[in-house]
Amino acid sequence: MLFNSIQFAIFLPIVFLLYWFVFDRFISKSKWQLRLQNAFVVVASYVFYGWWDWRFLLLIAFTSFCSWGSGLLIGKAKTKKEAKTWTTLNIVLNLGILALFKYYDFFVTEFAQLFHISTDGLLLKVILPVGISFYTFQALSYSIDVYRGKIEPTKDIVAFFAFISFFPQLVAGPIERATNLLPQFLKKREFDYDTAVDGMRQILWGLFKKIVVADNCAVYVDQVFSTYMEQSGSTLLLAAIFFTFQIYGDFSGYSDIAIGTAKLFGIKLMRNFNVPYFSRDIAEFWRRWHISLTTWFRDYVYIPLGGSRVSKAKVVRNTFVIFLLSGFWHGANWTFIAWGAYHAILFLPLILTGKNRKYTNQVAEGRILPSLKEVGQMLLTFFLAVIGWIIFRAESIGQAWKYFQGMLQFGTLKASYRFFTLSDGWSAKLFIGVMLVVEWLQRKKEHGMDFRGINNRILRWVLCFVVALIIYSFAPYSIGTFIYFQF
Amino acid sequence: MKRFIYKIIIFVGLLSLLTSIPCLVFEKRAKRCTTRHPYCRVNLAINSENINADLIIMGNSRAEYHYNDSILSEKTGLRCLNLGWAGYPFDYQYNVMYRNYMEQNIKPRFILQEISPYVFFDYFFPKYTIELLPFINRPEFKFYIELCPELSYLDKFIFVRYGGKLYEVCDELSLLETTDSLGEKWRNDFITKMHEVEKDTTIMNLFERFVDECKDQNIKLILIYSPMHTDNGEKYFNMDAFWSIISKVVKDRDVPVLNYHSLFGNDTTYFRDAVHLNKYGKDCFTRKVAHDLDSLGLIFVNQP
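Protein chains in written order, with my numbering: chain A, 1 to 487; chain B, 1 to 304.
Honestly, the hints are just simulated from the structure, not real lab data.
Keep in mind that this is a model prediction, so the values were computed, not measured.
Note that CB positions come from ideal geometry on N, CA and C, so glycine has one too.
Ranges between beta-carbon positions, derived for each pair:
hint : chain 1 : residue 1 : chain 2 : residue 2 : range
1    : B       : 50        : A       : 458       : 49 to 59 Å
2    : B       : 143       : A       : 430       : 29 to 39 Å
3    : B       : 283       : A       : 127       : 57 to 67 Å
4    : B       : 283       : A       : 430       : 39 to 49 Å
5    : B       : 142       : A       : 430       : 33 to 43 Å
6    : A       : 51        : B       : 138       : 25 to 35 Å
7    : A       : 408       : B       : 143       : 44 to 54 Å
8    : A       : 127       : B       : 143       : 29 to 39 Å
9    : A       : 375       : B       : 2         : 45 to 55 Å
In isolation and in its complexed conformation, chain A is listed as follows (with noise of 0.2 Å):
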């Protein structure tokens, strides 16, 4: 079920309903509240995630299964090597069904390629399971963390089951720790009025990202990326660029529709987009893009691995390890790896050099405007990460290679003019830059429509009407998928 399609718009309401009235108010004497509540949580999130594709409803029952137990036995291991066996076997079971699904065929076809052997029979051909990378990573990050003794192991089936499969973060995240999460659905919720409106405005925010912005992008970006080989250098700079906020509003839009819907359940998620676009260096891009995945990388990778302080030469490994990890965890193809191999080489000499933590207050803190210093920082960190773009969207390094040719041919500098004329694609490019004012405008609040310090309560109507009509006017014919159930 998408976020943006009329199943959800009625799908949400009936859970929001039954959870706080049926299994919150009139049960609310018994003592299996919370447990009914979260069994409805279970429930519903499997009816959202069946909707897709009833079949993978066990590979999610069983990696929560299987985690929740290997929770238990690592809690009740006597000795720390028993623990670190029942641990290592759930990461191994976990990334196991993980490499089956997702990296099987890749190798098989990358190693048959090299030795020239048929892969006639050897191929499994099935379909990637929606948001298999994200619940599959916060499975381990339970066993890790109960290993760790971060967290203590959770008896309560039901919790878990709803821990792993919460439908509104269930397919492309924020992927979320069992410390901040698990222990949210062992206790009882409370409705807040203000966290719920706020939660109505993010999902309103989140909708306008993907609908407006990253849904007319990508009409302009398919477009031109199918027929890269016969655009001007222009053309295809523009289409980088609209794909550069076609990612961003598609990934963002769905985390703020995540966490807003999240806040409807009294549940808070973690923030996973903080205006990365306003980076000054891309270290900062770092700690701004995809936060869940980038910190879960640091917590249980990097700095398992030594982080930063360890030798220079063992820094470049272990910066190599998770960007390479990172890129690869996107999908099974060469152009996720050469991405994620263009940013550690890009991070390697701020880490090197003791720069990569220049940056950690917001841009133009205090000012309404940046400094010039600030904008060609922001442009140029804007203009590199334009480029790893372009070989995340490409099909084949091969691709990639020809579109980077494309777009230096001569034309390429007409490019400035064509983006501010509006002759291709102008509804997307008048709503990047409202979505850009907006966000430059609340970069220090948690979303585009945190409304909280506007007293005038007419301004706020007023505002989510505007966001409402514009979503309403500028939808594209077909609804878009998210970018991101692919991963």
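Assemble the complex: chain A is given as a structure, and chain B must be docked to it using the hints.
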């Protein structure tokens, strides 16, 4: 909690109202529209009670733009009506335009059916269904409306029904007014995707049924291939296949076929784009058709 739910209801209610108003205005206007807007073509058929034309012209845009029914009426002395409908394949033309007209009028004596690969190619885009939406309650349109998957939910609610798509329809209207870029647009967006005339058996079967129906009702059917520019996009179609299909249909049915394909060659004086005549071309072509219909004895010019 109640306060939250009330506010959501108020917000959604007001939003529905706000979005319904322009839709309602649009729908009302669309139903009364008498311009060349596509909605108007549907209106023409729906509101055609007691026109009782002697001759009707059917086809897609190449019928709508190529035949001046006033000139044809003047030259032939017959009451002529152009039921051509831009952008729609034959099944739409038949089920929407022809059937609606026939239900409300005495059968015509003559039908001029414009033919070209475009008529029989099912180039269905969901957005075309939107043009039928003002008439959503007409049972004969429901089949087509249901073809648009986005409209399968709540399509009775006007604010959902039009979800932002009015503007696209208006864009299409402005596109129709342009004269220079259409040929290029057709080539780039549409024709290049078609390398063959895909024989759609559903449409062809309907067409054969229509030909038989005309014969049974004693309506004289004349098939006409109106002029195309030399650079007409036919190279993207398998024209041999097209003519063999037409030959198969007209064989043994005694249906005359007039082929004006090369009438104006590549003289741009007559064309607005590669596949459509301009107003001058339309008037010249209509006079030529009127003359030929008479000289060939297909209809009797200046007969009451």
